[in-house]
Amino acid sequence: ETGVTQSPTHLIKTRGQQVTLRCSSQSGHNTVSWYQQALGQGPQFIFQYYREEENGRGNFPPRFSGLQFPNYSSELNVNALELDDSALYLCASSSRTTYNEQFFGPGTRLTVL
Amino acid sequence: GDSVTQMEGPVTLSEEAFLTINCTYTATGYPSLFWYVQYPGEGLQLLLKATKADDKGSNKGFEATYRKETTSFHLEKGSVQVSDSAVYFCALRIAGGTSYGKLTFGQGTILTVHP
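Chains as they are written, first to last, in my numbering: chain A, 11 to 123; chain B, 1429 to 1543.
Just so you know, the hints here were simulated from the structure itself, not pulled from any lab data. Every residue, glycine too, gets a C-beta built ideally from N, C-alpha and C. Treat the hints with care, as some may be off.
Some but not every residue of chain B turned toward chain A, in silico, with C-beta under 7 Å [claimed, not checked]:
1. Gly1457
2. Glu1470
3. Ser1486
4. Lys1530
5. Phe1533
6. Gln1535
A few chain A residues that don't get close to chain B, going by computed Cβ distances all over 12 Å [unchecked claim]:
7. Gln27
8. Thr41
9. Asn69
10. Pro80
11. Ser83
12. Leu93
13. Glu111
With beta-carbon atoms standing in for the labels, derived distance ranges [claimed, not checked]:
14. Gln1509/B <-> Pro80/A: 29 to 35 Å
15. Ala48/A <-> Asn1487/B: 35 to 41 Å
16. Ile1538/B <-> Leu123/A: 23 to 29 Å
17. Gly1469/B <-> Asn81/A: 34 to 40 Å
18. Thr1448/B <-> His20/A: 22 to 28 Å
19. Gly38/A <-> Asn1487/B: 21 to 27 Å
20. Thr1456/B <-> Leu123/A: 34 to 40 Å
21. Pro18/A <-> Thr1456/B: 23 to 29 Å
22. Thr1448/B <-> Asn81/A: 17 to 23 Å
23. Arg25/A <-> Gln1509/B: 23 to 29 Å
24. Glu64/A <-> Gln1473/B: 32 to 38 Å
25. Asn89/A <-> Arg1495/B: 39 to 45 Å
26. Tyr1467/B <-> Pro18/A: 28 to 34 Å
27. Arg25/A <-> Ala1445/B: 19 to 25 Å
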């Protein structure tokens, strides 16, 4: 059984650029959630995908968007990057019956210059 | 809205000392409660959970009891080790609604254990 994986590990972008982050969910899990963790803060919920549809969203602007694929892997896209987007981006996978057992990936560290 | 408040940190202890990290919450519904741990350079790992009032979650010597009357879920360990040094996050999840898996986290507490 493979765990949750994320790519890339680190990324450096400049303000105004666009970025795509990727997440492969754990085997058997059909739900992926994305979180933003600023330095020294707790993770903040961005959105959740279930069976390829967005299923709940936190307080993030529309320039944060996502996709989920038939194999339940997921992408997080951020357009028009701002300096405050610099953070660790975490994805978590679960199934509809095990929301109390979410498994997190190691994260992607995004730096916006 | 839902929120989680953790004690101000960081916390520095000597090995074998007793640990308490306070966590209180406000919730619009009936929450499940969690403690996650984050080691340097890694993602989050679920440490323990409790899904109803008076439940006690436990794992690796850590314990926390769901106290509905005080809206608290304090983390305790009787004897910490250097390897327990990490950041600890308290979190809640409200069942139902549109975001079934949404976790709401506290700000985290840095624990450093010295030999």
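Evaluated hints:
Given hint, glycine 1457/B at the interface with chain A, is violated; its Cβ is 14 Å from that chain's nearest Cβ, farther than 7 Å. Evaluation of the glutamate 1470/B hint against chain A yields a held restraint, the C-beta minimum of about 6 Å falling below 7 Å. Violation of the interface hint for serine 1486/B is found here, the shortest Cβ-Cβ separation to chain A being roughly 15 Å, above the 7 Å cut-off. Against a cut-off of 7 Å between C-beta atoms, the interface hint on lysine 1530/B holds, since the closest Cβ of chain A lies about 5 Å away.
Checking phenylalanine 1533/B against chain A: minimum C-beta separation of about 3 Å stays under 7 Å; hint holds. A distance limit of 7 Å between C-beta atoms decides the matter here; for glutamine 1535/B the minimum to chain A is near 5 Å, and the interface restraint holds. A cut-off of 12 Å between C-beta atoms confirms that glutamine 27/A is not in contact with chain B; the least separation is 25 Å. With a minimum CB-CB distance of about 6 Å to chain B, threonine 41/A fails to clear the 12 Å threshold, and the non-interface call is violated.
Against chain B, the non-interface label of asparagine 69/A is violated: not every CB pair exceeds 12 Å, the least being about 10 Å. No Cβ of chain B approaches the Cβ of proline 80/A within 12 Å, the least distance being about 19 Å, so the stated non-interface status holds. Chain B leaves serine 83/A outside its interface by the beta-carbon criterion, the shortest separation being 16 Å against a cut-off of 12 Å. No Cβ of chain B approaches the Cβ of leucine 93/A within 12 Å, the least distance being about 21 Å, so the stated non-interface status holds.
Distance check for glutamate 111/A against chain B: the nearest CB is about 7 Å away, which does not clear 12 Å, and the non-interface claim fails. In this structure the supplied range 29 to 35 Å is violated for glutamine 1509/B paired with proline 80/A, their Cβ-Cβ distance being about 44 Å. Judged by the Cβ atoms, the range 35 to 41 Å given for alanine 48/A and asparagine 1487/B is violated: they are separated by roughly 27 Å. With their beta carbons about 27 Å apart, isoleucine 1538/B and leucine 123/A fall inside the hinted range of 23 to 29 Å.
Our hint of 34 to 40 Å for glycine 1469/B and asparagine 81/A is violated, since their Cβ atoms are close to 28 Å apart. The hinted window of 22 to 28 Å between threonine 1448/B and histidine 20/A is violated, with their beta carbons roughly 35 Å apart. Look at glycine 38/A against asparagine 1487/B: about 22 Å separates their beta carbons, and that is inside 21 to 27 Å. Checking the proposed 34 to 40 Å range against threonine 1456/B and leucine 123/A shows it holds: the Cβ atoms sit about 39 Å from each other.
Restraint check, proline 18/A to threonine 1456/B: a C-beta distance of roughly 37 Å breaks the suggested window 23 to 29 Å. Checked against the hint of 17 to 23 Å, the C-beta distance between threonine 1448/B and asparagine 81/A comes to roughly 43 Å, which is inconsistent with it. The given range of 23 to 29 Å is broken by arginine 25/A and glutamine 1509/B, whose C-beta atoms sit roughly 43 Å from each other. Judged by the Cβ atoms, the range 32 to 38 Å given for glutamate 64/A and glutamine 1473/B is violated: they are separated by roughly 26 Å.
Under the hint 39 to 45 Å, the C-beta atoms of asparagine 89/A and arginine 1495/B, about 44 Å apart, fit the expected range. One distance hint, 28 to 34 Å for the beta-carbon pair tyrosine 1467/B and proline 18/A, is violated here, with the actual separation near 20 Å. Between arginine 25/A and alanine 1445/B the CB atoms are about 45 Å apart, so this pair departs from the stated range of 19 to 25 Å.
Of the numbered hints given earlier, the model fails hints 1, 3, 8, 9, 13, 14, 15, 17, 18, 21, 22, 23, 24, 26 and 27; all others are met.
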